[in-house]
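Colleague: Here's the letter readout for the chains.
Number of protein chains: 4
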Amino acid sequence: MSNMRSLNEECGVFGIAGAQDVAVSTYIGLFALQHRGQESCGIAVNDAGVISCRKGPGLLTDVFDEKSLQRLKGTSAIGHVRYGGDGDLNAENAQPVAISHMKGNLAIAYNGKLVNAGALREEIEMAGGVFHGTGHSEIIAYTMVRERIGSDSIEEAALKTMGRIKGAYSLLAMSPRKLIAARDPNGFRPLSIGMLDDAYVFASETCAIDAVGGVFLRDVEPGEMVVVEDGKLTSIDSGLPVNKSVCSFEYIYFARPDSIINGVGVDWSRREMGRALARENSGVSADIVVGVPDSGRSAARGYAEESGLPNTLGLVKNKYIGRTFIQPTQGRREHEVRLKLNPMSANVKGKRVILVDDSIVRGTTSARIVSALRDAGATEVHLMSSAPPFRHTCYFGTGIPGQDVLIAVNRTEEELARLVGADSLAFLSHEALSGILEEAGCPVCKACFTGDYPIELPAEPEKNIFQKPIRML
Amino acid sequence: MSNMRSLNEECGVFGIAGAQDVAVSTYIGLFALQHRGQESCGIAVNDAGVISCRKGPGLLTDVFDEKSLQRLKGTSAIGHVRYGGDGDLNAENAQPVAISHMKGNLAIAYNGKLVNAGALREEIEMAGGVFHGTGHSEIIAYTMVRERIGSDSIEEAALKTMGRIKGAYSLLAMSPRKLIAARDPNGFRPLSIGMLDDAYVFASETCAIDAVGGVFLRDVEPGEMVVVEDGKLTSIDSGLPVNKSVCSFEYIYFARPDSIINGVGVDWSRREMGRALARENSGVSADIVVGVPDSGRSAARGYAEESGLPNTLGLVKNKYIGRTFIQPTQGRREHEVRLKLNPMSANVKGKRVILVDDSIVRGTTSARIVSALRDAGATEVHLMSSAPPFRHTCYFGTGIPGQDVLIAVNRTEEELARLVGADSLAFLSHEALSGILEEAGCPVCKACFTGDYPIELPAEPEKNIFQKPIRML
Amino acid sequence: MSNMRSLNEECGVFGIAGAQDVAVSTYIGLFALQHRGQESCGIAVNDAGVISCRKGPGLLTDVFDEKSLQRLKGTSAIGHVRYGGDGDLNAENAQPVAISHMKGNLAIAYNGKLVNAGALREEIEMAGGVFHGTGHSEIIAYTMVRERIGSDSIEEAALKTMGRIKGAYSLLAMSPRKLIAARDPNGFRPLSIGMLDDAYVFASETCAIDAVGGVFLRDVEPGEMVVVEDGKLTSIDSGLPVNKSVCSFEYIYFARPDSIINGVGVDWSRREMGRALARENSGVSADIVVGVPDSGRSAARGYAEESGLPNTLGLVKNKYIGRTFIQPTQGRREHEVRLKLNPMSANVKGKRVILVDDSIVRGTTSARIVSALRDAGATEVHLMSSAPPFRHTCYFGTGIPGQDVLIAVNRTEEELARLVGADSLAFLSHEALSGILEEAGCPVCKACFTGDYPIELPAEPEKNIFQKPIRML
Amino acid sequence: MSNMRSLNEECGVFGIAGAQDVAVSTYIGLFALQHRGQESCGIAVNDAGVISCRKGPGLLTDVFDEKSLQRLKGTSAIGHVRYGGDGDLNAENAQPVAISHMKGNLAIAYNGKLVNAGALREEIEMAGGVFHGTGHSEIIAYTMVRERIGSDSIEEAALKTMGRIKGAYSLLAMSPRKLIAARDPNGFRPLSIGMLDDAYVFASETCAIDAVGGVFLRDVEPGEMVVVEDGKLTSIDSGLPVNKSVCSFEYIYFARPDSIINGVGVDWSRREMGRALARENSGVSADIVVGVPDSGRSAARGYAEESGLPNTLGLVKNKYIGRTFIQPTQGRREHEVRLKLNPMSANVKGKRVILVDDSIVRGTTSARIVSALRDAGATEVHLMSSAPPFRHTCYFGTGIPGQDVLIAVNRTEEELARLVGADSLAFLSHEALSGILEEAGCPVCKACFTGDYPIELPAEPEKNIFQKPIRML
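Protein sequences, first through last, are from chains Y, F, Z and D.
First residue of the first sequence? That's 1 in the numbering used here, and the numbers climb one at a time after it.
First residue of the second sequence? That's 474 in the numbering used here, and the numbers climb one at a time after it.
First residue of the third sequence? That's 947 in the numbering used here, and the numbers climb one at a time after it.
First residue of the fourth sequence? That's 1420 in the numbering used here, and the numbers climb one at a time after it.
The shape of chain Y in the complex, shown without the other chains (with noise of 0.2 Å):
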């Protein structure tokens, strides 16, 4: 999937406690996790009690400066990058929220999806509560609140929220003390706790802890919380049923290559992907692989290596893509994908090609990366891809759409074969992906490949919050 835009609802999270300068450190932190969120991006700073928060739209490089992060002081922070989701660029959503309610202040930034984020809200609402934005954030600082009134600490109020939020958090939370880290159940979405001299980090990736330059400890465990305060890690189990279910598009797409995500290194399990991948189609003849950039690299390199067959470069992407303005409406569509993606015709011409795509969604993209293949002088293409096909919906925060976008619903690899115009088409079986990620001891979510949701699902779709009352433009 070479479109970033079609899965889009990640987000990164990053955090610091007990040291100086923790806005440049987290404003590292989140640059090294850029990639999983380019719409809006936030800071916030606890200095003594008087937390102080900058967000905006755009990058980290358009929302902060030098002068910015000067005027954010403190002793830890939050921070937080964020995909808008499906044309939701509704400005009161960026993370982290920052809130003063009756015990003093919080500020909240989490990765994920819930699942029962109306009936909270709807709840909220009936007890007077009111949003300003239309996002999870919101919700669960509120909910966090209003346990607080009832509970002793914050971190009490916490664990009585992780017991009323379902789905998917990798949640940080910073009041005038502490720094909270949550992760759901289900671990569906990483959060990883490092060390940078004498204070604790949290990040959604290992890279950014390697960025600000700490070392990474070990993961949140799913169904825990961890309390920093003075300096002091305290680890709380929620208590609930834990049912370890990691989201696989985490290793299928979203993370970065350098990361380890519950102890599974994220280019290991790709590369692995890839060598399956190749046993699974041993029968198709080829001369060469090539790998889709970025994220189809290093499964094309397992590919390779398994099979023996020379891994290529066949398409070299232009670096600077992201910034363009050069719309397809300007009826230029054809000639899009060559600005992007520019297929080798030394490396390609009269070969028969094996192309690797981390995944196939909407399959659009894949059709014309196929077509300019053969422009360029493949004589076949035959279309891999390092993910099984989505059939269903995804509730867990990757973005992956509706039924009736996906490709893959209903149809046979021959039937997409011929719809993406390639010679063949292949998706590696969601059974070797899970054996991949399960035997390295990372049991997976299935949901998106055979519909088997690992919670339950709300009855009823949730309405609610996605009819967007309140639009902040």
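Errors might be hidden in some of the hints.
[What the hints assert, rightly or not] Take a look, some chain F residues computed to stay more than 12 Å from chain Z by CB distance:
(1) 598
(2) 623
(3) 691
(4) 787
(5) 816
(6) 875
[Said to hold, decoys possible] Capping the alpha-carbon separation at 20 Å, the derived lysine to aspartate or glutamate pairs in EDC-like fashion look like this:
(7) D:1579 to D:1566
(8) Z:1106 to D:1544
(9) F:717 to F:904
(10) Z:1392 to Z:1402
(11) D:1738 to Y:438
(12) D:1522 to Z:1069
(13) Y:319 to D:1649
(14) Y:103 to F:596
(15) Z:1013 to Y:65
(16) Z:1265 to F:595
(17) F:633 to Y:125
(18) F:792 to Z:1008
(19) Y:73 to Y:198
(20) Y:103 to F:595
(21) Z:1178 to Z:1143
(22) F:540 to D:1485
(23) Y:319 to D:1458
(24) Z:1265 to F:596
(25) Y:244 to Y:280
(26) Y:244 to Y:438
(27) F:790 to Z:1240
(28) D:1597 to D:1544
(29) Z:1019 to Z:1175
(30) D:1736 to Y:294
(31) Z:1106 to Z:1167
(32) Z:1049 to D:1713
(33) Z:1263 to F:767
(34) Y:319 to D:1566
(35) Z:1265 to F:535
(36) D:1486 to F:538
(37) D:1738 to D:1713
Simulated from the structure, these hints should not be mistaken for laboratory data.
Because the structure is a prediction, the values reported are computed rather than measured.
By construction, the Cβ of each residue, glycine as well, lies at the ideal position given by its N, Cα and C atoms.
Based on the hints, put chains F, Z and D in the right spot on chain Y.
Modeller: Relative to chain Y, chains F, Z and D alone:
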């Protein structure tokens, strides 16, 4: 008072119900109210129940352009321009506040200041309410939402809210189907009603109704609530005991001279203050009258007319000044007044000058103007303030500061003259001021002159809100 | 003429030699001259022979900030603010022009317009010269460089240049060791000399010398060149035949009222024009005098003084107007004048109004103001122009347009009154205008009134430059 | 060489003649060349003889948007992306240079560097020429204008100009009716011809022709000039003695891997360099090959193929890095490389690593990467440069700096290994490099390796231009 920033808690509101192009009309209306607030601004529109809002720091021209106005589609709108108060640049405090709650959506914009904001906030927080900013508008909005739960309609909730909030407010509220305008029972701040074709418009000053090409109908009365629904306007008496005590500072300084507030023309009132000042100081011999631009000009004209002295252009204002970043910190403080207000040597040389300013708050700018006029050759400078001396804090939104910085506190006019370097100094008597406005049908609040507050103040200062525990940078 | 954009070829220059912080002083000086040009601006500084220059489109506050001023280090500087002329947004035409040539560097900034620009440009091009923009400043700079080759000094080259360029120019030139100021033999455009501590300053208007805290010394005389080197000022007579014929439009409209040009106070001259207008129209009966803000105010004061009628605030200007993007193209043309200039019904209702404007060029704005005053209740409106009627093109930089758009061409005052909807319309006679300025020692150019040009014009229109063969967008 | 900024005088050009929408095509073409220059960019279009130009500092997405491209109407265009050279941020040096002269207009964009720029400039200045910037493009333009006077056509003038300018240039010139492309007789810099429907396109690299959807025809030959007029292309032999000596650095570093330059595929040449490097270092035992992203990747692939070692992802690059402002001055220098290039512990731990970079210039980045790999657990690091050692200054536009900073000058490979902390260090031999390219039909310039320059250099260093007497800030 030529330094506009020394009194800075004013705001302006504009609303329109039942029209097309409401965002453009609101932009134009606010543009005519820009003098009431330059820190931030915003517009919320209502499109068949969906409320869209855009707000941000800066002038209207900083926050809006043609594109953003086009995106704000709807058939009713409310807008706001805002002064940030003393250093309060909290981005979350920009108005309108747009929220969603159990029974729908709500957008609020208001001008004024509550005296029981702290108590209300505490009450809401104790019930689990959470605040994103530190402004009173959020408190009003939350109160209205809480009252909405037990009410049959938004106007019932608004009426109950009027019974709960104390202080100065001229308020616009927009629900999915209605636009509500309300004014506190003292009528501290202005609020006018006009018509633009078939639509009703509301504005802090009539000059905004003129700017959109509308026709002024009448003021919202103290203690009155007005509701527009389906193109019809209904007046509702809040039943609260009315004690009309209009803020005289609207006439002295805030309002545009072409506005008519509570039936009294602003320019007329200023000329009358100048005339009264001349009568009260008939013993002062001089050659010319010079008004401090811009706000001292009308009073200077009145003084000249009454005294028979020529009204002379003695100070020329640089009209681009609002935009410069050249600060006195660059060791050029002594020249600053010249960059801003250049004395006209040709007109003042060898002359005894009556210098008319609208008010004297801290006195520092006055001292520099007096000194500049002397440098330009004035032989005598008699400083006249068309406002009485400020000796007491204002709690109703003028931003008149604490007694510690008010130059008139515990000083005689002679002492003050010496302090600012003038040959003499006089304030208009507060009896004269009251007389002018009361005879015109507009009883005034005299609190800042006499310390006699027209409503009960809270026993203790309201600390809670001013702790600013959360800052949006 | 309330529409500032209809006459728009003016510029302002400022220079300083022999000081520290020259960029900040030049910024402040230009800030006081911002009314002379808002399209683009620039500052060039000289630091021991190295010339650094920054210029760009927009106001000073758009192009400069503290950082950019700090980078402009030097001991002398020249700066410029510029109107772009009719649609001329050619970015390359921003001044100063900074160039390097055989014998060193040179920066040029000038106010005025040459009448032999085309011939000079052609001559330079025939010798192999190349132009980057279409402005006359580049032509002057190139001419000076060409003269420099056969000259012993830059001042010799500058003198020879004065002999070659014809038309209106008030010119500042900065070489590695010298700052030169020169004024054409007619003295069309103003140029003043002041001192700021030990440094010499030059400015289009004395208000800029005031703004930096300097002391006005004298004007550069028509045909004079002044050189500052090593802190000493030398006057050099160009020897060109002097025919002092100052542009009266500086007094009528361009200059700030607090400036003193050629020994004549601008505000004084405007009041005198108003007085003369009153005398010439003593037969017109009216109740009040209303000046069109801002430039009609001084004349209105004079008219009121002479006629004995009250000078009334009848139109209130929105002081933020310069920044709005709301254009009449949005079908709101009829309300545009109200957004900009609101008639004060309270003051004009039932009154016969003398409406004093500084000039009437195209007449469209006048018509809208007259109509607005009638809507506000004025029973009669008599439009008075403190400038005589423009009937001839100006070639000397006022931007008075061609005869085809000048409303006064071939029309009687009665016809004009009907066109703009006024009860009567009168211009000041050009004899009266000349009389006022000549008695004050300032003989004027009457070309735009009489067609009698004080210097020889080129036989044919100068096409070459206006083809604009290169546009910088 | 992972630090792109250490070699930074490259540029890219793109041109199109005889089409519609030329600005959009040029934008897209330049977008594919953005890697060749990120300091400034510009596009000039020709609309029936009127040349419009827009240029400025920053990336294409900073300087252009849909609106500005729409305003650039024409039927031919040239464009440029530019590196600013060592600290040269002189705004006037942005290209294209658009000028008007006696016989019309001219726009110039070029890639390269002249060795007789100073002499030419002096000659032009002695003849009265004036310069606005310090770039060579202005010198070329002025030379062409001077030759134009005695020539019958622009192509005759361009031919004469080719006889006068010495050094490296791939040049596009646009006159009112023609588009000219010319390449120096050594062919130092690339320049290709393509077709887009009926229009001819020119580009520094073929990847730009691909990006606009065009078809590559052939290269402009060394010493060749090509003219497009009325849709027809004519080749003109300059008659200058051709000594083909192509810059090998295009293959080593500058060009995109998917470009084909002088008939040689860039990716192919890099893989061959890697293969040759492997053969030359067959004695080095290791476990894995790691390429430094992005430019060391192709050579690493070749090394792996030749050596039989696995090509492993050992360093992950943050693809947002180009935009951050976090500087090593913040005392985080040691972590900087991790923010940019994160070593993959999982892949390198316990491994002996062959680290392949494209080149080693100053050696500082290399040292940090070696150290990072050791921290990540590599037991040995053998640093291999696919370029030979730089020991001599380049005068032809690569930006290879002076001998004082070139780490390879006067040092053995052993000394260098110690300096960067590697277990061993090797450069590709320049004989191997030459062999690869010459066998492919592309004789190279070896000056930076051997000091043997293919053209005569000026006797003395060219001081004049580098004094930068004028700086545009």
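Colleague: Does each hint fit the structure? Answer for all of them.
Modeller: Here is how each hint holds up against the structure:
no.	hint	in the structure
1	598	holds (39 Å)
2	623	holds (44 Å)
3	691	holds (15 Å)
4	787	violated (9 Å)
5	816	violated (8 Å)
6	875	holds (30 Å)
7	D:1579 to D:1566	holds (7 Å)
8	Z:1106 to D:1544	holds (19 Å)
9	F:717 to F:904	holds (17 Å)
10	Z:1392 to Z:1402	holds (14 Å)
11	D:1738 to Y:438	violated (30 Å)
12	D:1522 to Z:1069	holds (12 Å)
13	Y:319 to D:1649	violated (36 Å)
14	Y:103 to F:596	holds (12 Å)
15	Z:1013 to Y:65	holds (15 Å)
16	Z:1265 to F:595	violated (41 Å)
17	F:633 to Y:125	holds (19 Å)
18	F:792 to Z:1008	holds (16 Å)
19	Y:73 to Y:198	holds (18 Å)
20	Y:103 to F:595	holds (10 Å)
21	Z:1178 to Z:1143	holds (13 Å)
22	F:540 to D:1485	holds (14 Å)
23	Y:319 to D:1458	holds (16 Å)
24	Z:1265 to F:596	violated (43 Å)
25	Y:244 to Y:280	violated (27 Å)
26	Y:244 to Y:438	holds (11 Å)
27	F:790 to Z:1240	holds (11 Å)
28	D:1597 to D:1544	violated (28 Å)
29	Z:1019 to Z:1175	holds (18 Å)
30	D:1736 to Y:294	holds (11 Å)
31	Z:1106 to Z:1167	holds (17 Å)
32	Z:1049 to D:1713	violated (47 Å)
33	Z:1263 to F:767	holds (11 Å)
34	Y:319 to D:1566	violated (42 Å)
35	Z:1265 to F:535	holds (16 Å)
36	D:1486 to F:538	holds (15 Å)
37	D:1738 to D:1713	holds (10 Å)
Hints 4, 5, 11, 13, 16, 24, 25, 28, 32 and 34 from the list above are not met by this structure, while the remaining hints are.
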